[in-house]
Every structure is written in structure tokens, then in C-alpha cells.
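Engineer: These protein sequence lines are chains A and B, in that order. Mapping to this note's numbering: the first sequence position 64 is 64, numbers consecutive. Mapping to this note's numbering: the second sequence position 45 is 45, numbers consecutive.
If you're looking for bench data, these hints aren't it; they were derived computationally from the structure. Please read these numbers as outputs of a predicted model, since none were measured by experiment. Be a bit skeptical, because a hint or two may be false.
Said to hold, decoys possible - In silico DSSO-like cross-links for lysine-lysine, where the CA-CA straight-line distance does not exceed 30 Å:
id, chain 1, residue 1, chain 2, residue 2
1, A, Lys101, A, Lys78
2, A, Lys70, B, Lys57
3, A, Lys101, A, Lys70
4, A, Lys70, B, Lys9
5, A, Lys55, A, Lys70
6, A, Lys73, A, Lys55
7, B, Lys57, B, Lys9
8, A, Lys101, A, Lys55
9, B, Lys9, A, Lys101
10, A, Lys78, A, Lys55
11, B, Lys57, A, Lys73
12, A, Lys101, A, Lys73
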Amino acid sequence: AQTVTQSQPEMSVQEAETVTLSCTYDTSENNYYLFWYKQPPSRQMILVIRQEAYKQQNATENRFSVNFQKAAKSFSLKISDSQLGDTAMYFCAFRLFGNEKLTFGTGTRLTIIP
Amino acid sequence: DSGVTQTPKHLITATGQRVTLRCSPRSGDLSVYWYQQSLDQGLQFLIQYYNGEERAKGNILERFSAQQFPDLHSELNLSSLELGDSALYFCASSREGQYNSPLHFGNGTRLTVT
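Work out the full structure, taking the sequences as your base and the hints as a guide.
Structural biologist: Set out below in C-alpha cells:
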């Protein structure tokens, strides 16, 4: 079974600073996808960024980028120029190729301080 | 707006009762997933339906059941409710065959069992 671990229950950073959220996963498979979801106080689950395991290039979406280290099974999220609207729970998620089930980590509560 | 609609938004009921949660997927999505999020926890996969048939099962209790109807909407039935069933229940949908396509989540139903 696949597992996803987020070792930082809570983090806080000053507005405009850069913050990195950690995620590690465990799988014996080679083909899979990784995602970061954001859950603001509105509780909606919003996709932030995704990465295909077969791609070596790290995914980027505006201020959000990942550091994907396949050998280390690490998938961290970097938020640059953080904004107050980035305050939310962030969940790392894993999905095997050919399987539509998402396995989530326990989340990191990120607070952006004005 | 993800295009996934969940009703009701909130539900308060007593132990031992039975409730039904409803989900309408995004237009064109054939797969529906149900997830449970207990307080300050990650999302736990319950069950997946594809085009009316059960596709995958996760940690779903025997007291819980689901179905997907011909119009593709889905219902999650929770019976003999216990205090520990209090949680946020999410529905998500996706298109079959696009394994890297993200799940699109509804806004959830907040169930409180008293």
C-alpha cells in the first residue's frame, strides 16, 4: 500500500516570504502522479500543482513550484512571494498510474502573517 | 467553482439515525469518489463508482453504502450513525481514462452526529 507523509503539522511565514512544505511517500511502483491540494477555510479542495513521476522537470504554476526527488521519494512544495490568501491546509496526494484513487497525507496548516 | 455539487452543506442528526448525502459530478465526468475528512485529518478514501458500477473500495464501514445512478449523480448512505461519524464528507469526480487528470472536489457536506 502507498503512504504519504507530511511531517510538518503547522507552519507560518511572513507575507512575501518563501516557504517550503515537505512531503514524502512510499511506493514500490514506478509510474505514478503526485499532487498538492489546498484547503482554505472555505474547506473547498483546490488543486495547486501536479507532477508526473516520469517527468524529470519540476512542475511550476506561477508562484508555486515543486522539488520532485524520485529516488528519495520526496515531493516538496515551494510557495514564493507568499500572500495572505495562501493561508490554508495543504495536502500532498499520491496516485498510481492506472488507478484513480488518491492517497492523501495528513496535511500542513500554513499561516501567512501580515 | 469545481462543477461538483454536494447537498446538503450541513447536516445535524442524532446517533442511530440514517442520512443520505448527494453528489452531482461535473458535466462529462463518469467517475465519482467519496472521501471522509475527520477533524484535522487528511482525506480518507471511501469508495469510487464509474458509470454506475462500483470501481474501488477503501476504508468504508459496513454501515455505509453508496450508489451511482444512471444520470451519474451519487448518494452516500450512512446508517446507525455514531458520534465518530461526525466529519466532512467530500465527493469528487473525474473523467475515465485520464489518469493524470485531477479529481475535482465538491465543497463537502459537514455531518455532525449528536
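Engineer: All hints are to be evaluated individually against the structure, with a verdict given for each.
Structural biologist: Structure-based check of each hint:
1. A/Lys101 to A/Lys78: holds (25 Å)
2. A/Lys70 to B/Lys57: holds (28 Å)
3. A/Lys101 to A/Lys70: holds (20 Å)
4. A/Lys70 to B/Lys9: violated (39 Å)
5. A/Lys55 to A/Lys70: With Cα atoms ~10 Å apart, A/Lys55 and A/Lys70 stay inside 30 Å; holds.
6. A/Lys73 to A/Lys55: Answer holds: A/Lys73 to A/Lys55 is near 14 Å, not above 30 Å.
7. B/Lys57 to B/Lys9: holds (24 Å)
8. A/Lys101 to A/Lys55: holds (21 Å)
9. B/Lys9 to A/Lys101: holds (24 Å)
10. A/Lys78 to A/Lys55: Holds. A/Lys78 to A/Lys55 sits at ~18 Å (cutoff 30 Å).
11. B/Lys57 to A/Lys73: holds (26 Å)
12. A/Lys101 to A/Lys73: holds (19 Å)
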